[in-house]
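Undergrad: Produce the complete structure using the sequences and hints provided.
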Amino acid sequence: MSVTAATDSSDARAGLSLALPALMLFIGVVVIPLVMTVMLSFHDWGQYKGIEPVFILKNWIEIFDDPYYAEMFWRTFRVAVLATLITAVFGVPEAYILNRMQGRWKGLFLLVIIGPLLISVVARTLGWALLFGGNNGLANKLLMTVGLIDSPVRFMFTETGMIIALAHAMMPFMVLAVWTALQRLDPQVENAALSLGAGSLTVVRRIVLPQIMPGVLSGAIIVFSLSASAFATPAIIGGRRLKVAATLAYDEFLNTLNWPLGAAVAVLLLIALVLIVVGSNALIERRYQEMFR
Amino acid sequence: MSFLELDRVGKSFGPNTAVEEFSLAVSKGEFVSFLGPSGCGKTTTLQMIAGFLDPSHGAIRLEGKDLVAVPPARRGLGIVFQSYALFPHMTAAENVAFGLEMRKVSRREREERVSSALALVGLAGYEDRHPRRMSGGQQQRVALARALVIRPSVLLLDEPLSNLDARLREDMQIELRQIQRNLGTTTILVTHDQIEAMSLSDRIVVMSKGRIEQIGTPQQVYEQPASAFVAQFLGKTNEFSATVDRVSGQPRLVAGTWSAPAPAGVAGPVTVSVRPERISFGNAGLAGRITSRIFQGNHWLFQCDTECGPAIVIRQNDGQSQPEQGAAVHLVWQASDMSLRAARAAA
Ligand SMILES: Nc1ncnc2c1ncn2[C@@H]1O[C@H](COP(=O)(O)OP(=O)(O)OP(=O)(O)O)[C@@H](O)[C@H]1O
Ligand SMILES: [Mg+2]
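Line by line, the protein sequences give chains A and B.
Last residue of the first sequence: 293 (the working numbering), numbering continuous.
Last residue of the second sequence: 347 (the working numbering), numbering continuous.
Don't read these hints as lab results, they were simulated from the structure.
Quick caveat: nothing in here was measured; it's all calculated off a predicted structure.
The reader is advised that the hints may include incorrect statements.
[Stated by the list, open to error] Interface residues of chain A toward chain B, partial, derived using beta-carbon atoms under 10 Å:
no.: 1; residue: Leu20
no.: 2; residue: Glu52
no.: 3; residue: Pro53
no.: 4; residue: Leu182
no.: 5; residue: Asp186
no.: 6; residue: Pro187
no.: 7; residue: Gln188
no.: 8; residue: Val189
no.: 9; residue: Asn191
no.: 10; residue: Ser195
no.: 11; residue: Gly197
no.: 12; residue: Gly199
no.: 13; residue: Ser200
no.: 14; residue: Thr202
no.: 15; residue: Pro210
no.: 16; residue: Tyr288
Built from N, CA and C at the ideal position, the CB exists for glycine as well.
TA: Structure follows, in structure tokens:
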């Protein structure tokens, strides 16, 4: 008995000491900066006096009082939700078709879908800017020459542009999440539905979709949180005029140099995201626990 | 005229042939079993009838009409899959109701038929369970109810009882046979359990390596096996080789010191096969020694060493005294109890 207990505790100690380096790294690069950012958000700042390490609620009161910030956060939320919706609407059929493909084609198209992840999101967003950027955008020029449109499609510095570019950048995450869910399906289940007289649309709607819904939802959570905290795409498409939470925090830090206010924005974004993600995760789990134990 | 007809059907997966030259005519209301070891192509054949696999060769006809061109959704067959293939996101009742919904059966009738189908398979009270929360046997019975409830013209069952315990399986076999008799549903059952095949079917198709070995009634395949494979796959059997001796007047079967009158029309080296329960112990016959005897409740199982090789004998436990281990015995059987096959050239 005592021997086992001794081994147990020494095992635990060994485990702890093995985990220690990773733990230290985690505390060093994640926890400490996070705590410092939270503390920073309570500090004071003035144009001439700089940062003053005191504890005041000035920044937080400003964020909650000034409708400018509310608008910014609301836009962040709206853009992220719509981008998520678009990835779901296009990503689910994409993954389904991909899953239906045979051998070699499947591998090729999977590469085509994941490939963009290898290219910097900045480069991909700049691509959109080149296509639709004002009068000189390639696509705009073409469409105008053909005569389909009279004036260039407004894409840069619009929310629509931001949403489309974000959805495009996030698409691989959705497709991969749905594809993983599809891989787990028993193809005979679809056959069973067919043999019971269901048409192929009914099979997709009544049999396939409900089964991959957890995959779609987890893809949505990933896309939503990445979109809401995205920086590069909103910065390039939205510029300085159309800001979201991440670009706002950046501007406060580096342009206004009001670090405490920037920290408050960043912390609020983090809290909101954590709440939304954890909350929806719990909802999903409750909803599907009956079906997927 | 046959109801369901398979005409030289074959299926290859790339270079591998799963089913070859499969011809079978099933009449209406008949119960046919596909019996064979794992990997012999039973499921593949069934899936071709169901329409989930296209045959590489041959034709499948239902009531004289080509079935291959009909999509699976419009074949109207009831299928129980080997993997059950239940809809995991639906309750047992919703699973069973699905086929009726697709047939636009009214809500009231649907509910009635679903609960009677579930009751039929002994799952009344499980309506609201999800498949993941049911045992393998319960899932199998939901799958059976789901296939039966649409009253299909042909019922295709892929090992529908393999996961049930012995007791429940026997009950379900009787149930299945009764349902099939009452509804007159043409049924094809896939199984690798010879007892199940024999007790349920009108005819058995014995398969091996993608080919049909024999088609016949349970008695035919058991008592007149067409090949060594069939003889060994359906129950235990004793086999030894013998030759036909025509020198001394009446032709006689000879194996070592044992001999018996040869039936007419038999020549050359043959394989003699005798079922163990047809052998009794007597004073003259194939000489041997009992190497072990095992008590199995309603019968005794003897293993004997004879001059033609090892043999097994099964005797009913009828209260008579039985020979001890090590005893010298003679194995005796009636001429009608042995079946003869021309021995293979290689053997
Ligand atoms: N999709 C497939 N691709 C390639 N080979 C296959 C495929 N499906 C089946 N086979 C092969 O065809 C042969 C027959 O398979 P089948 O599933 O019909 O066997 P079975 O008689 O149903 O066996 P079991 O009793 O184990 O279910 C096997 O050798 C199998 O490996
Ligand atoms: Mg099988």
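Undergrad: All hints are to be evaluated individually against the structure, with a verdict given for each.
TA: Verification of the supplied hints:
no.	hint	verdict
1	Leu20	violated (40 Å)
2	Glu52	violated (58 Å)
3	Pro53	violated (56 Å)
4	Leu182	violated (14 Å)
5	Asp186	holds (6 Å)
6	Pro187	holds (9 Å)
7	Gln188	holds (4 Å)
8	Val189	holds (5 Å)
9	Asn191	holds (5 Å)
10	Ser195	holds (5 Å)
11	Gly197	holds (4 Å)
12	Gly199	holds (6 Å)
13	Ser200	holds (8 Å)
14	Thr202	holds (7 Å)
15	Pro210	holds (4 Å)
16	Tyr288	holds (9 Å)
In terms of the numbered hints stated before, the structure departs from hints 1, 2, 3 and 4, listed from lowest to highest.
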